[in-house]
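Protein chains in written order, with the numbering used here: chain R, -1 to 843; chain X, 375 to 600.
These aren't lab readings, by the way, just hints derived from the structure by calculation. Just so you know, not all the hints are guaranteed correct.
Simulated crosslink set (BS3-like; lysine-lysine; CA at most 30 angstroms straight-line) [unchecked claim]:
id	chain 1	residue 1	chain 2	residue 2
1	X	Lys534	R	Lys485
2	X	Lys593	R	Lys485
3	X	Lys534	R	Lys478
4	X	Lys583	X	Lys534
5	X	Lys593	R	Lys155
6	R	Lys155	X	Lys587
7	R	Lys478	X	Lys593
8	R	Lys342	X	Lys593
9	X	Lys587	R	Lys485
10	R	Lys478	R	Lys270
11	R	Lys487	X	Lys587
12	R	Lys342	R	Lys155
13	R	Lys270	X	Lys583
14	X	Lys593	R	Lys487
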Amino acid sequence: MQRCGRVPLWLLGSVLLIRFTSGISAVDRDVQQTRPDSRPEPPSESTPNQSHADHGHGSSAVGGIPVVTFKWHHVETPYQVALWILVAGLAKLVIEANHHVTNVIPESALLICFGFILGGIIWGADKVQTFKLNPTVFFFYLLPQIILDTGYSMPNKLFFGNMGAILVYAVIGTCWNAASLGLSLWGCHQGGAMGDLDIGLLQYLLFGSLIAAVDPVAVIAVFEQVHVNEVLFILVFGESLLNDGVTVVLFNVFDAFVSLGGARINAVEIIKGIISFFVVAFGGSLLGLVFGLLISLLTKVTQKVKIIEPAFVFVLGYLSYLTAEMLSLSSILSITFCGVSCQKYINANMAESSVSTVRYVMKVFANGSETIIFVFLGISAIDTEIWVWNTGFILLTLFFIFVYRIIGVFFLTWILNRYRLVPVEFIDQVIMSYGGLRGAVAYGLATLLNESKIKEKNLMICTTLLVVYFTVILQGITMKPLVNWLKVKKAAVSELTLIEKLQSKVFDHMLVAIEDISGQIGHNYMRDKYFEERWMTRILMKKSVRKSRDCVFKVFHQLNLKDAMSYVAEGERRGSLEFVRNESAFIDFKKKFVDDCSGAMPDITACMSDDYSAIIDQVPSVSLEMHEQNMKGVRETEDINTHHLLQQHLYKGRKQHRHRYSRSHFNVNKDENEVQEIFQRTMRNRLESFKSAKMGVSPPKKISKHTKKDQQQKVILVRQFKTHMGWYFQFPEGDASGFAASDGSHPFPMTYRAGAGIENPAYIPDLDPMAAEIPPWLAEYDAGPVAPSQRAQLRLPWTPSDLGRLAPLRISTRSNDSFAQADAPAAQQKDDEPPTPSKRDGRNM
Amino acid sequence: LAKSCPGQETVTLYLRGVALRGRRPRPAPPSTSPPPASTSHPIKQEDNLTETRLVSHSQITRLYSRFTSLDKGENGTLSREDFQRIPELAINPLGDRIINAFFPEGEDQVNFRGFMRILAHFRPIEDNEKKSVAVSEPLNSRTNKLLFAFRLYDLDRDDKISREELLQVLRMMVGVNISDDQLGSIADRTIQEADTNGDNSISFNEFIKVLEKVDVEQKMSIRFLH
Chain R
-1 MQRCGRVPLW LLGSVLLIRF TSGISAVDRD VQQTRPDSRP EPPSESTPNQ
49 SHADHGHGSS AVGGIPVVTF KWHHVETPYQ VALWILVAGL AKLVIEANHH
99 VTNVIPESAL LICFGFILGG IIWGADKVQT FKLNPTVFFF YLLPQIILDT
149 GYSMPNKLFF GNMGAILVYA VIGTCWNAAS LGLSLWGCHQ GGAMGDLDIG
199 LLQYLLFGSL IAAVDPVAVI AVFEQVHVNE VLFILVFGES LLNDGVTVVL
249 FNVFDAFVSL GGARINAVEI IKGIISFFVV AFGGSLLGLV FGLLISLLTK
299 VTQKVKIIEP AFVFVLGYLS YLTAEMLSLS SILSITFCGV SCQKYINANM
349 AESSVSTVRY VMKVFANGSE TIIFVFLGIS AIDTEIWVWN TGFILLTLFF
399 IFVYRIIGVF FLTWILNRYR LVPVEFIDQV IMSYGGLRGA VAYGLATLLN
449 ESKIKEKNLM ICTTLLVVYF TVILQGITMK PLVNWLKVKK AAVSELTLIE
499 KLQSKVFDHM LVAIEDISGQ IGHNYMRDKY FEERWMTRIL MKKSVRKSRD
549 CVFKVFHQLN LKDAMSYVAE GERRGSLEFV RNESAFIDFK KKFVDDCSGA
599 MPDITACMSD DYSAIIDQVP SVSLEMHEQN MKGVRETEDI NTHHLLQQHL
649 YKGRKQHRHR YSRSHFNVNK DENEVQEIFQ RTMRNRLESF KSAKMGVSPP
699 KKISKHTKKD QQQKVILVRQ FKTHMGWYFQ FPEGDASGFA ASDGSHPFPM
749 TYRAGAGIEN PAYIPDLDPM AAEIPPWLAE YDAGPVAPSQ RAQLRLPWTP
799 SDLGRLAPLR ISTRSNDSFA QADAPAAQQK DDEPPTPSKR DGRNM
Chain X
375 LAKSCPGQET VTLYLRGVAL RGRRPRPAPP STSPPPASTS HPIKQEDNLT
425 ETRLVSHSQI TRLYSRFTSL DKGENGTLSR EDFQRIPELA INPLGDRIIN
475 AFFPEGEDQV NFRGFMRILA HFRPIEDNEK KSVAVSEPLN SRTNKLLFAF
525 RLYDLDRDDK ISREELLQVL RMMVGVNISD DQLGSIADRT IQEADTNGDN
575 SISFNEFIKV LEKVDVEQKM SIRFLH
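Chain R extracted, bound-state conformation (with noise of 0.2 angstroms):
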């Protein structure tokens, strides 16, 4: 592989220079179709070739009526558009080709240079740049998309756990980057430093303004490839996805001070300029919401149009977005919003087809415009008019930048720091204040200065590319060999053995655990639990999901459906005499190996082992080879084996959300099923537990003992379980019996006999038809299946005398539990009736 690398990338490389001049030879290729026609103008500038094609039109129509005609500005636009989409593309697809290259250049440096690459080609034929970043497409068909994926593929719970100090960086950051830079440098200015320029302290602070913000786009596609910690890149990410919006406030109102000019600018002004920022931005998330909102409420009701039930999530997030700038508000904060808060109700509205539509296009859009924006900040480069040097100006606005993000960011982590319980270290302030890249944003708003007002506009434009260019390719270069020597935190540690893995598992799950005990989820636990539960969900979740959401409903009710499915692979599976073979194949190798470690050589079932992992798991056969391999080798092949195994079939922890903000993957985790065993088996052992701790007996621990239980304990077990899943589930008396039957692939032996002997009165199951709707944690009382209470056996002996205890059993589950009674202090011993629900019911939950 790494071999035959260099070559493709030449190879590649000369198709690229022959795709580019597919791409530019838009306007030459209508040159080539007039020449028939003899003119003989030169065809090297542009303008003539628009009226050779006018000539060409005209001349066929004189004809007669004309077989084929040429109309080339009829198409030229969107024709234009396309082939760029095309060179954008193509470029992307060869520099991802060279994957070595990437691991040392980021994507988007290297997309910079092909941007210069092409740039000079244009530049060379045409004499003049034709193509630029026009701010109006970039603002308006280019950065929505983007800002849209970074907002709906959002981390929502790292996001909102760290909200305050993403804010703070976001919003007293870029104030304080743009202001220190603004006034540092018309300090210079004054000091003499950069010669004569006509830049008062105004236009000063607007280009601090515009350069202030680090660019979500940059940031991404360099911090992507690196792989820094989740808590490190949330920070740099959301930071430079807020300070966006931030900036281009900014960079309003301090355009609208400059368009005021310096004599009419007085404190209430200033005071209005202040507020203004305050509700631009703050109307802009407002708005944002708004349409996130509108989003979960209409895909609600979008089932019967399936088809564009996606669409309505682009359009409105455009619409929000459009809005937004049609109101002066902040556009970017508000499609951000948008689709933070969408991104859950629309998830669990939409058909699971219409949502994976949502985030591939999302993608697709977003990575396509990312390349798009990169090329064209090269290409913009390749212009002799932006190109004024002044060498203090620029030099000192790099070293400006570079210090005060420094300062910033170090400053402001201090102060963070007194209120974080996990601090940002040294190291990732380090990182962070090296990641401040800048990118097109402040380019479009460069492009966006006014000429009749900034003198020096061309200058600042000059500038900011620098920065760019200095920020993203240097910068981006060096960020990686930067992160791996100060020793980063690196977000996922690749597992190596199988107890780091089963025990990272095993971590997870137990954090999960613990903070479901103590009570929270991150700092938006009171949204989350309350408000949100409550009310968000209620209005905006489709009533079917939101009950599948709360009490775990969806678990039975896709119990048949699974069981279903399941028989279906099952026959099949079973069908194929193959893999019965290589099964039973498959253990008696494990069990040869461990008997028999000997160094024998590995037989034929040794292949045909492998050839089963490689069904099973998409393990690369390796067993043509195997036959030459000393013992070690089978070693390492049963462990590649184990691993998969283990990685097929580990549970996944419940709130996983490792790189999902990446843009250019994505994964669904769509293991439900796994709920379901766990739950079940969750279930199960608490009522094992609990029936042996009534009976007295230890707790078994063999794991397969459920196959050695005599048929009365099942029968006892399934009835339990059913009356317990009645809870949950609700389910008619027919499917219970029918799912017990039909569950044979599980392992909980579920033979329900209908009609059969009630052997202990205490495990009637309950048919009231109130218990069937509360869930046990919801219920007031304790529930008989969840009691293997230790205490319970102690006190067996006394127990049984107090007849009265058991009586509420026998009647009905929705007594109290005797044991916790027993447990109760004595106070209460005299009196046995049950707590009244009603008093507690409020209380609960």
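Based on the hints, put chain X in the right spot on chain R.
Leaving out everything else, chain X in the frame of chain R:
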């Protein structure tokens, strides 16, 4: 939201517990002196539940309110049933193991202090703690975090994870569509990785050693709310 001093709440809790139950020796209520309010650094506030070393005052308040909301029996202690009522734990494969970890050997009630002591294992390690050598090792040290994890496996408390114990946990953690044979070979392999003295089980030292590359401090830490 109750903003009263948690110390007082705790005392009233214990008082109420004593008044209601009256037959069980209660652990001494934690000292009521509130932490110095003037200290700006929340980490440095010496909490009154020193042995749990959970940091700030407000965290204790919040966890206490969580404790009371879990405490359906209103007797100042949590039983297993109280934990099992948390719906998320039912779909957590290790839920019941973790519930068990809250209960000391032979007990089936846990008071607030015990509750906090378990949660204290999950407190992140502060920088100043790393440097200063504490008199007694804090509960959230790496070793204690690992010990907590180790105890999840080690049911019979013989300070060894036997194959059976490992199998039990594995069975909890993996789906049903993996056969017992396969699981057994996974367990064998896992033990083989960790086992250095060849007794076919994992001792705590082996456990520490095999996980030395894992960032336990980060993976077993939770940011408790203020």
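Now for the hints, and whether the structure bears them out:
1. Pair hint Lys534(X) plus Lys485(R) does not hold up; C-alpha atoms about 34 angstroms apart against a cutoff of 30 angstroms.
2. Distance hint between Lys593(X) and Lys485(R) is fulfilled; the C-alpha atoms sit about 18 angstroms from each other, no more than 30 angstroms.
3. Among the hinted pairs, Lys534(X) with Lys478(R) is inconsistent with the structure: their alpha-carbon atoms are about 42 angstroms apart, more than 30 angstroms.
4. With a C-alpha separation of about 14 angstroms, the suggested pair Lys583(X) and Lys534(X) falls inside the 30 angstroms cut-off, and the hint holds.
5. Between Lys593(X) and Lys155(R) the CA atoms are separated by roughly 17 angstroms; this keeps the pair inside 30 angstroms, and the hint holds.
6. Among the hinted pairs, Lys155(R) with Lys587(X) is consistent with the structure: their alpha-carbon atoms are about 27 angstroms apart, no more than 30 angstroms.
7. With a C-alpha separation of about 24 angstroms, the suggested pair Lys478(R) and Lys593(X) falls inside the 30 angstroms cut-off, and the hint holds.
8. Annotation: proposed proximity of Lys342(R) to Lys593(X) holds, straight-line Cα distance about 26 angstroms (limit 30 angstroms).
9. Proposed proximity of Lys587(X) and Lys485(R) is supported: the alpha carbons are some 14 angstroms apart, at most 30 angstroms.
10. Straight-line distance between C-alpha atoms of Lys478(R) and Lys270(R) comes to about 44 angstroms, which puts the hinted pair past the 30 angstroms bound.
11. Between Lys487(R) and Lys587(X) the CA atoms are separated by roughly 13 angstroms; this keeps the pair inside 30 angstroms, and the hint holds.
12. Simply put, Lys342(R) and Lys155(R) have alpha-carbon atoms about 11 angstroms apart, close enough for the 30 angstroms limit, and the pair holds.
13. About 63 angstroms separates the Cα atoms of Lys270(R) and Lys583(X), which puts this hinted pair outside 30 angstroms; it is violated.
14. Proposed proximity of Lys593(X) and Lys487(R) is supported: the alpha carbons are some 12 angstroms apart, at most 30 angstroms.
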